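Engineer: The task is simple: from the sequences and hints, build the whole structure.
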Amino acid sequence: MTQLVIDRLSAAYGATPVLQDVDLTVERGEIVSVIGPSGSGKSTLLRVLVGLLLPVAGTVTVAGHKVDYRSRRDLRAVRDRIAIVFQQYNLFQNMTALRNVTIAPTVVKRRAPAEVTAEAETLLAKVGLADKTKSYPDQLSGGQQQRVAIARALALKPEVLLLDEVTSALDPELVGEVLDTIRLLAREGMTMLIVSHEMGFVREVADRVLFMADGRVVEVGRPKQIFDEPQAARTRDFVSRILRH
Amino acid sequence: MAYTLQFGQVTPYLWYMAGGAWIALQLAGIAFLFGWAIGLVFAAVSEYGRGPLRWAVRGYVIFILNTPLLVQIFFIYFALPDVGILLGSYEAVAIGMALNASAYLTEIQRAGFRSLRRQELDAAETIGFSRVQTIRYVVLPHIVKVLFPPLSNQYIILTMTTSIAAIFGVEELTGRAYNINAETFRSLEIFSIAALYYVVLTFVASTVLYWIGHYFFRVQGKVF
Ligand SMILES: Nc1ncnc2c1ncn2[C@@H]1O[C@H](COP(=O)(O)OP(=O)(O)O)[C@@H](O)[C@H]1O
Ligand SMILES: [Mg+2]
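Here the protein sequences line up with chains A and B, keeping their order.
Per our numbering, residue 548 is the first one in the first sequence, and the count goes up by one each step.
Per our numbering, residue 165 is the first one in the second sequence, and the count goes up by one each step.
One thing to keep in mind: the hints can contain errors.
Here are the simulated SDA-like cross-link-like pairs (lysine to any residue), alpha carbons at most 20 Å apart as the crow flies [what the hints assert, rightly or not]:
#, chain 1, residue 1, chain 2, residue 2
1, A, Lys-656, B, Val-296
2, A, Lys-681, B, Lys-309
3, A, Lys-681, B, His-378
For the record, the hints were derived by calculation from the structure and aren't laboratory data.
Given the structure is predicted, the values throughout are model-derived calculations rather than measurements.
Structural biologist: Below you can see the structure in the form of C-alpha cells.
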C-alpha cells in the first residue's frame, strides 16, 4: 500500500528556489534514505512534508489524501500521520524526558494522562532510557536527548517518521546508540524517510536511496545501485567522496 | 576615638524604622510591577514592532537610560505642576521609579525574546501545538527561566534605590533614619541600623526569589 506520494514538489525561501520538481513514492513499511551534499534541500524536503514551509508547487498525498498545507485541518491531519526528528533534538528544555514524550498526546490529543504516561514509559524503555524519565534535557547526553526526541515523535503514533540527520550533532561514540534505536524501528516495519550521512547505516537499513543535489532528485535506486553502480556523474562524485572518508 | 555606642537611645525608634522599611518595600514593589509590565510591552514592541510606534518606544527607552533617575523625579515633582499635574511626593517617586525601571526592564526582557530557540518552536509546531499552547508550554517557561535572575537583580537594585525618596520628604527607611538622627544625633547607631534593615530587605527578597526560581523554573545559580 502506498503511504506517501510526493509529486513535482517545489519550495523556496523567499525568491530562492530550494526544491524543484521532487518526485518520490514511499510504500508502507518502506525505508527511503535521502542523501546529498549539504545545502541540497534534504532538510527543506522534510520541512515541507510536515508543513513548516509551504510548497510553491506540486502535491503531497498521505495515505491517499491530498494535503492542502494551507488548511488547518489538513495540517493537523498531516502532523498526526507524519512525525519528524531534527538534527538538534529540539527537546523542550523546561520539561523532563517523560513530559517531553507525554505533552503532545495529553495536550494536543487530550488523551487520559495515566494511559499516556504508561505508554511514554514503555516508549522511553524501548529507546533504552527507562531510568531517565525524570531527567531534564540538560542532564542528558546528546545521544540520550536524541532518543527522547525519537520517543516523543513516536508518542503520536505516526505512520511515517522523518529523521533529519539525527546523528550529525552527536559525538562519534554516541552515534551507535541512536542508530540502534532506528534499527529497532526498522525491524518493526516503521515507514521512514531518513536523511543521513552515515553511509554504512544507510546501505544497511534503506530499501531505497534518493540522491539529491541543488534541490533536485538526481537518482533513486536500491542502496547497492546508488553506492556501487551510480548512473549520474554527480552521484558518482558524491558517493566516491563520502565513502573515502 | 571616644565614641561610645549607645544603641539604647535608638531602640525606641526600631519599630518606627521598620515602618520605613515597609514603605521602601512598597515603593520597590510598585516600581518593579509597573516597570515590569510596561517593560514587557515595550520589549515586545522593540523586538517585533515597526514604524513610528517602535521609534517612539526606542526613543523613550534611550532617553530614560541616559538621564539620572533623580532628575527624572525632580521633573515629575517640580516641573509637571507647571502644566497642571500636581503629585504628592510619594506618588512622584513611585511614578519616577516605575518609569525609570521600565526602561531597564525593557532591555532585559528584549533579551528574553531573543533567546527563544527557533528549534523548540519548530518542534512545538510539528507535534501539533496551537499558537496559544506553544506560548503556554514553550515560550513562557523559557522566557521566565532566562529572565528570572536579571529580573531578580533589578528588584534588589530598586529596593536600594527607594532611599532616593528621602530627598522628597517621603518618610521611608532612609527618611526616617534621617529624622531620628536630627533628634538624637546617634548617627553611627541609626545609620548602621538603617543599613541592616536594607540588608534584611534585600536578603529576604534574594532568598525568596532564589527558591522560587530554583523550584519552579529550574534556574541555576546562587543567592549571592
Ligand atoms: N531558513 C532559511 N532561509 C533561507 N534559506 C535557507 C533557509 N534554510 C535553508 N536555506 C537554504 O536552502 C538550501 C537548502 O537547505 P537545506 O534544505 O537545509 O539543505 P540540506 O538539509 O540538504 O543541507 C540551502 O541553500 C540553504 O542555504
Ligand atoms: Mg539539513
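Engineer: So, for every hint listed, does it hold in this structure?
Structural biologist: Verification of the hints:
With a CA separation close to 15 Å, the supplied pair Lys-656 (chain A) and Val-296 (chain B) stays within the 20 Å bound. For the proposed pair Lys-681 (chain A) and Lys-309 (chain B), the alpha carbon gap of about 19 Å is at most 20 Å, so the pair holds. Between the alpha carbons of Lys-681 (chain A) and His-378 (chain B) the distance comes to roughly 16 Å, so the proposed pair stays at or under 20 Å and holds.
Checked against the numbered hints given earlier, this structure breaks none of them.
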